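J.: Take the given structure of chain A and dock chain B to it, following the hints.
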Amino acid sequence: MSSQSTLLLKKQLKELTKNPVEGFSAGLVDDDNIFEWEIVIMGPQDTLYEGGFFKATMTFPVDYPLMPPKLKFVTAMYHPNVYPSGEVCISILHPPGEDKYGYEQASERWTPVHTVETILVSVISMLSSPNDESPANIEAAKEWRENYPSFKKKVQRIARRSAEEF
Amino acid sequence: MAAEQTRDTITRTASSSNTTTNGDRKEAAPTSDEPLYDPRSLQYLEPTQTSLQCSVCCEYFTQPVSVPCGHTFCRGCILQALEVSPGCPLCRTTIDPSALYEVIALSRICDELPVYCPHKTLGCNHTCQRIQLGKHLKDDCVYIGTLCRVEECRKKLLKKDLSEHMESCPYKRVECLMCHAKVQKSQLSEHHKTCPAESVTCPHCDTTRTRLRHMDHIKECPRQIIPCSLSEFGCPWKGPRFDLDAIHIPQCPYEAIRGFLELSKSRMEALEQENQQLRGLFHGMKPQVQQLRDQVGQLSESVQLFSHQEQQIGGVGGGFGQSMLGYMDMGYRNYHNNPQQQLYRNDSFDEGAGEGGDHEDEMRAALAMERRNNSIGAESMISNGGPGVRGSVADTQELLISENERIRSEIETLTAGLASLELKQNMAIMTESMRLQEEVQSLRAVCHGLRMQMHYLLLEQQNNRHHPPGPPPPGSPAGGNANMQQGMKGGNNGAGGGSGGGRPLSTSGPLRPRFSDGIGRQETKL
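Residue numbers (our numbering), protein chains in the order written: chain A, 1 to 166; chain B, 1 to 526.
If we strip away everything but chain A, and leave its shape as in the complex, we get:
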């Protein structure tokens, strides 16, 4: 099982290094550990996050691709679907079979055909259009809904700071 996940992750890493995808870059945190990836997501154009460089770590379980990885922002992030701790809460990263949130369709959850690329494409799409039905950061969700200018200001500030830190 672990050798299957290792092979698959190596293959994906090789593929992403050879043919980078626009919008993010991926590499290993530690070259000896294929299960811990370092991701940099560029704030998508025409969104509040434009111009930001957001670092995140992606941690794979040994039974990948049967189980989803975890994605956590290292850079400060302010978004309705990202916990204040940085952990990303999107339905495709939730393991199948279990519905601890109670409102998700099984159709939205993890399947083994997802790759690093498809996950990150989903995350980039999440940045441009938050899903306020299942907020991870309630304060951000509320502000996004009720006081958009203030939300915008905050997000632009963290995007700018992330670019400076990067």
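FYI, nobody ran anything at the bench for these hints, they're computed from the structure.
A couple of the hints might just be wrong.
Stated by the list, open to error - What the simulated footprint calls covered on chain B by chain A, stretch by stretch (three residues with Cβ under 8 Å from a Cβ of chain A suffice, anywhere in the stretch; the number is not a length): (1) 48 to 58; (2) 75 to 81; (3) 84 to 96.
Unchecked claim - EDC-like mimics (lysine to aspartate or glutamate), calculated; alpha carbons at most 20 Å apart, straight line: (4) 160(B) / 175(B); (5) 14(A) / 38(B); (6) 11(A) / 46(B); (7) 10(A) / 38(B); (8) 70(A) / 143(A); (9) 142(A) / 108(A); (10) 286(B) / 175(B); (11) 72(A) / 165(A); (12) 182(B) / 151(B); (13) 11(A) / 161(B); (14) 154(A) / 164(A); (15) 152(A) / 164(A); (16) 185(B) / 206(B); (17) 14(A) / 46(B); (18) 185(B) / 161(B); (19) 18(A) / 46(B); (20) 159(B) / 175(B); (21) 70(A) / 108(A).
From a predicted model like this one, the values you see are computed outputs, not experimental measurements.
C-beta atoms are modelled at their ideal positions from N, C-alpha and C, and glycine is treated no differently.
T.: Then chain B, alone, in the frame of chain A:
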């Protein structure tokens, strides 16, 4: 699970091949513990065609199966995925794991894809269809790992290096040119030092022969320096073997008394052995003696205690304990004053605790002396080497014999003493227990009488309460009243006194109640 699946894959690949050879079938048999290659890590010649890839493992299909919704996956991948979630990984349609259909054409297309040998990194440039990879690895690839054929070596190496290694394998057997024995190559030079066919020169007589014959020769080489055959008795002569019989033996002073020396040696050995046996016997007796001594000690203590109580109570057989004690003490005195027991200087049993130690010390001293005498005898015998030897040896032997005799008699007396002690002890216990039994019986009788009296007293008291005889209250010490009452009733039941156990005491006589016999007896029985 992955390993199983992989093996399964290879097995199937081999069996589905049209060009299966004998070799392939052997490979497919589950005799090999490790699969020859991992189908997921193969390197293909053609650029990746995503349409021929499984979307779960992102590799070319191995054993492709289609699911009812039309999607295709590797058999292993879809079975694993269905264990976690029952839907198709691509469209999430629910799938029954039994409804998987092999896609034969696709399977063939993928099996015919050209691949590199998995040992490309080691230098194998072979390419073939995927289906033939198993055969290549089994029969042709020289970059596959293997083990040295020599049992002791078992070194891991590549197949191509095997023949080279076999030439130089240190564990390979080679034949010794001299003795034709098979020897490990690395130990050949070591073998030459002990090879029986190698020629060696005798260090004593400078003649040369094979080592095998040298072993026999050295036992009779006439020039070898050897000691006199009587050197164990002290002959200091040393010289070449041919001088021993020719020159030395006729003039060796020890040779003259050889018969006597050997006789005394064997005698001495026999004596030493006997001595050893006796010593063992003696040591075996010691704990028994100690045990008996402890038992007697306990017994005398208990008897003493009993006699004390007896004196306080002033009972019938009070003197028995003391007399018993005296008897036992006397027995021990006799035992210890036995004229044969000269070693025992203590004459009372109470001091017996130290006695064992004393006796032991004496024994030890005697043994030491004997040993000293022995050695002195032997020394003088050896150093004198003349006519004086006979006397000292005889002395030693006599001493040894007498010593043995003494030890034996001591052990006998000890055994006899033990037996008599045991007998006496048993007797004492028996007599004492009989006496005690009698005592208890008499006490029981007295108790019975007392109980009867008590009953009469109680009954009378009760009677007084029920039928107050007049103005004085019941139980009052009005002796006159009681006497009068008793006198009145005594007329009715004159013989009533006899039922009281037949031992009327003078003080209780006038108080005896005179109830109807029926009630009185019933209560007494209770």
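J.: It remains to establish, for every hint, whether it holds in the given structure.
T.: Hints, one by one, checked against the model:
1. Counting residues of the segment 48 to 58 of chain B whose C-beta lies closer than 8 Å to any C-beta of chain A gives 4; at least three are required, and the coverage claim holds.
2. Coverage of the segment 75 to 81 of chain B by chain A holds in this model, with 3 residues showing a Cβ closer than 8 Å to a Cβ of that chain against a need of three.
3. Interface restraint, the segment 84 to 96 of chain B with chain A: holds (6 residues with C-beta to C-beta distance below 8 Å; minimum three).
4. Pair hint residue 160(B) plus residue 175(B) does not hold up; C-alpha atoms about 26 Å apart against a cutoff of 20 Å.
5. Simply put, residue 14(A) and residue 38(B) have alpha-carbon atoms about 19 Å apart, close enough for the 20 Å limit, and the pair holds.
6. For the hint pairing residue 11(A) with residue 46(B), the CA-to-CA distance comes to about 16 Å; that is within 20 Å, so the pair holds.
7. For the hint pairing residue 10(A) with residue 38(B), the CA-to-CA distance comes to about 15 Å; that is within 20 Å, so the pair holds.
8. The suggested pairing of residue 70(A) with residue 143(A) is violated, with an alpha-carbon distance near 26 Å, which exceeds 20 Å.
9. Between residue 142(A) and residue 108(A), the direct Cα distance comes to roughly 24 Å. Violation of the 20 Å bound is thereby established for this hinted pair.
10. Under the criterion of a C-alpha separation no larger than 20 Å, the hint pairing residue 286(B) with residue 175(B) is inconsistent with the structure, at around 67 Å.
11. The straight-line distance between the Cα atoms of residue 72(A) and residue 165(A) is roughly 18 Å, inside the 20 Å bound, and the hint therefore holds.
12. In summary, the hint linking residue 182(B) to residue 151(B) is supported, as the alpha carbons are separated by about 15 Å, within the 20 Å threshold.
13. Restraint check for residue 11(A) and residue 161(B): not satisfied, since their Cα atoms lie roughly 32 Å apart, outside the 20 Å limit.
14. Restraint check for residue 154(A) and residue 164(A): the C-alpha separation of about 15 Å stays at or below 20 Å, so the hint holds.
15. Only pairs whose Cα atoms come within 20 Å are accepted, and residue 152(A) paired with residue 164(A) is accepted, the gap being roughly 18 Å.
16. Distance restraint check for residue 185(B) and residue 206(B): the Cα-Cα separation of roughly 32 Å exceeds the 20 Å cut-off, and the hinted pair is therefore not satisfied.
17. Among the hinted pairs, residue 14(A) with residue 46(B) is consistent with the structure: their alpha-carbon atoms are about 17 Å apart, no more than 20 Å.
18. Straight-line distance between C-alpha atoms of residue 185(B) and residue 161(B) comes to about 19 Å, which keeps the hinted pair within the 20 Å bound.
19. For the hint linking residue 18(A) to residue 46(B), the alpha-carbon distance of about 17 Å falls within 20 Å, and the restraint holds.
20. Taking the CA atoms of residue 159(B) and residue 175(B), the gap is near 26 Å; set against the 20 Å cutoff, the hint is violated.
21. At roughly 16 Å between alpha-carbon atoms, residue 70(A) and residue 108(A) fall within 20 Å of each other, so this suggested pair holds.
Of the numbered hints stated above, those contradicted by the structure are hints 4, 8, 9, 10, 13, 16 and 20, listed in ascending order.
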